[in-house]
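The chain contents come next:
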Amino acid sequence: MHVRHHLVLTGLPLAAAVGGIAAPAQAQTLDLSITIPRLSVAEYHKPYVAVWLEKEGGGARTLAVWYDHDMKNGEGTKWLRDVRQWWRASGRSMSFPADGVTGATRAPGTHTLRFAAGKGPLGQLGPGKYTLVVEAAREVGGRELLRLPFAWPPAGDGTARAAGTSELGAVTLTVRR
Amino acid sequence: MTLFRHRLLAAAAAVAVLLPAAAGAHRQWMLPSTTVVSGDDAWVTVDAAISNDLFYFEHFPMRTPPAVTQPDGSAGKIENWNTSRYRSTFDVHLTQKGTYKIAAVSDGVMGSYTLDGQQQRLPRGLTADKLAAAIPTGATDVRTTTSTSRNEIFVTSGAPTTTVFKTTGKGLELVPVTHPNDLVSGEAATFQFLLDGKPAAGLPVTVIPGGIRYRDALKQMDLKTGADGTVRITWPEPGMYWLNVSTGGGRGEAGAAQPAAPQAAPPARRATYIATLEVLAP
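For the protein sequence lines, the chains are A and B, in the order given.
Using the UniProt record's numbering, read the first sequence as starting at 1 and increasing by one per residue.
Using the UniProt record's numbering, read the second sequence as starting at 1 and increasing by one per residue.
Simulated from the structure, these hints should not be mistaken for laboratory data.
Keep in mind the model is a prediction, meaning the values are calculated, not measured.
Be careful, since some hints might not be right.
Label-pair restraints from in silico Cβ distances [stated by the list, open to error]:
1) A:Val41 to B:Arg124: 54 to 60 Å
2) A:Gln124 to B:Lys219: 44 to 50 Å
3) A:Gly141 to B:Gln96: 27 to 33 Å
4) A:Ala27 to B:Thr34: 56 to 62 Å
5) B:Arg232 to A:His45: 35 to 41 Å
6) A:Glu75 to B:Ala201: 36 to 42 Å
7) A:Gly109 to B:Lys224: 54 to 60 Å
8) B:Thr162 to A:Glu139: 28 to 34 Å
A partial selection of chain B residues facing chain A, derived with a Cβ cut-off under 10 Å [what the hints assert, rightly or not]:
9) Thr34
10) Val36
11) Ser38
12) Gly39
13) Asp53
14) Lys97
15) Gly158
16) Pro160
17) Asp182
18) Gly186
19) Thr206
20) Gly210
21) Ile212
22) Leu218
23) Ala281
24) Pro282
Where chain B lies over chain A, by a calculated footprint (3+ residues, C-beta under 8 Å) [stated by the list, open to error]:
25) 84 to 92
26) 151 to 164
The beta carbon of each residue, even a glycine, is placed where N, CA and C say it ideally should be.
Hey, can you work out the whole structure from these sequences and the hints?
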């Protein structure tokens, strides 16, 4: 039996980092807030959500994927392909669980994520035009995708906003230099 | 004239199970439950049938199990094969990452000869290696047509790979310029077709979206391969599509033992290619 240890994002440490302490001076960061809407449907499952970066003229880099990572025999990975633009752009070349990227599905509400340059899934970003993409797909539900463009390195602190109409609520990206 | 028509009909009947008629009736297809899979224990289940409407099993089942080629090029396994009245079904366990090919390929010879003043048809299901034995001594006016039919689907676990597209140089084959498991509506896809290993120029390509039963228009796209054998297809909407390339009524290469055929005898070389392709929404 092959035993592996994985870092699984739970959301709590990140929320604490963003909410509790003012932005540390040392790092360039991407602060992302994603709202998952509360839906009135007969059968509700928390959506699978993927967050990734696309560089103009370059490849894609996955920052976070929320899915049913803790089902037995990895059964939750079967539905990853339904987050279909992400699957095509990045997911299909990855293996799961992915360290620092895999996370549990989130309940309706607003969730915050912070990615620091040089660390974790964000890593080092070369200068260029980027788009942060958030895609949500819900079992027996719909799918929605939002794109937030930004430039790197940032000239100053900047914020991009987008709002979904079905599977995603407000998504805000704050780039801090 | 009556005799000639009768012969054509007989030849058509002999090959109906192997080849789809150019007119569009009796289309042969396989329909996978999915073509893009994630996870580590993926299966695909497939319906296989010959029908008029796509993709409804309403006429005949596929009779012979197809072959599976795994991403590493080795042969895979057809599991749970079952033939029922209108369709066959089977499963393939996707134990490797990459692109699988599931293909039913058949080679055949059809034709006729005259013996003692009577025209005789070559037996059904005849293959080229048994042709000589099937023609009795003293037969005259021997007419034969060799045919290669290929009916394929592709399924990808994880990222697409291209090992299964290694060509054999026999019949019509698809060379992916665009990977057939990377199709999205609104994006153009390009495929190249080879006939016996060489670019299949000027062949008709028919593309029909599934779901025929519930619409009035067939929505058929009639395309043609270019000089280099490529065809470019823009998918108007997501869904399963049936693609058919055929040498049709045109003439392929003549068989060695082919007498000069008078009037409109069947072509000496026939080849068809069929694939079911899934186009995803953007």
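Structure-based check of each hint:
Evaluation of the 54 to 60 Å hint for Val41 of chain A and Arg124 of chain B yields a pass: the beta carbon distance comes to about 55 Å. Between Gln124 of chain A and Lys219 of chain B the beta carbon distance is about 49 Å. The supplied range of 44 to 50 Å therefore holds. Remark: the range hint 27 to 33 Å for Gly141 of chain A to Gln96 of chain B is upheld by a beta-carbon distance near 31 Å. A hinted range of 56 to 62 Å for the beta carbons of Ala27 of chain A and Thr34 of chain B is inconsistent with their spacing of about 42 Å.
Between Arg232 of chain B and His45 of chain A the Cβ separation comes to about 39 Å, which falls inside the hinted range of 35 to 41 Å. Taking the beta carbon of each, Glu75 of chain A and Ala201 of chain B are about 48 Å apart, not inside 36 to 42 Å as hinted. As the Cβ distance of Gly109 of chain A to Lys224 of chain B is approximately 55 Å, the hint placing it in 54 to 60 Å holds. The supplied range of 28 to 34 Å is met by Thr162 of chain B and Glu139 of chain A, whose beta-carbon atoms lie about 32 Å from each other.
A hinted interface residue such as Thr34 of chain B counts as satisfied when its beta carbon comes closer than 10 Å to some beta carbon of chain A; here the least separation is about 8 Å, so the hint holds. Taking 10 Å as the C-beta cut-off, the interface hint given for Val36 of chain B holds, the closest approach to chain A being about 5 Å. The beta carbon of Ser38 of chain B is positioned within 10 Å of a beta carbon in chain A (closest approach about 4 Å), and the interface hint is therefore held. A distance limit of 10 Å between C-beta atoms decides the matter here; for Gly39 of chain B the minimum to chain A is near 4 Å, and the interface restraint holds.
Because the closest C-beta pair between Asp53 of chain B and chain A is about 27 Å apart, greater than 10 Å, the hint is violated. A distance limit of 10 Å between C-beta atoms decides the matter here; for Lys97 of chain B the minimum to chain A is near 9 Å, and the interface restraint holds. Against a cut-off of 10 Å between C-beta atoms, the interface hint on Gly158 of chain B holds, since the closest Cβ of chain A lies about 5 Å away. Interface hint status for Pro160 of chain B: upheld, as the beta-carbon distance to the closest one in chain A is roughly 8 Å, under 10 Å.
Among the interface hints, the one on Asp182 of chain B holds; its C-beta lies about 7 Å from the nearest C-beta in chain A, closer than the 10 Å criterion. Against a cut-off of 10 Å between C-beta atoms, the interface hint on Gly186 of chain B is violated, since the closest Cβ of chain A lies about 13 Å away. The restraint placing Thr206 of chain B at the interface with chain A is violated, with a minimum CB-CB distance near 27 Å, outside the 10 Å limit. The restraint placing Gly210 of chain B at the interface with chain A is violated, with a minimum CB-CB distance near 19 Å, outside the 10 Å limit.
Proximity of Ile212 of chain B to chain A is violated relative to the hint, the smallest CB-CB distance being about 25 Å (cut-off 10 Å). For Leu218 of chain B, the interface hint is violated, the least distance from its beta-carbon to any beta-carbon of chain A being 28 Å, above 10 Å. A hinted interface residue such as Ala281 of chain B counts as satisfied when its beta carbon comes closer than 10 Å to some beta carbon of chain A; here the least separation is about 7 Å, so the hint holds. Hint status for Pro282 of chain B relative to chain A: holds, with the closest Cβ pair at about 7 Å, below 10 Å.
Beta-carbon proximity to chain B at under 8 Å applies to 6 residues in the region 84 to 92 of chain A; the threshold of 3 is reached and the given coverage holds. With 0 residues bearing a CB less than 8 Å from a CB of chain B, the region 151 to 164 of chain A misses the requirement of three and the coverage assertion fails.
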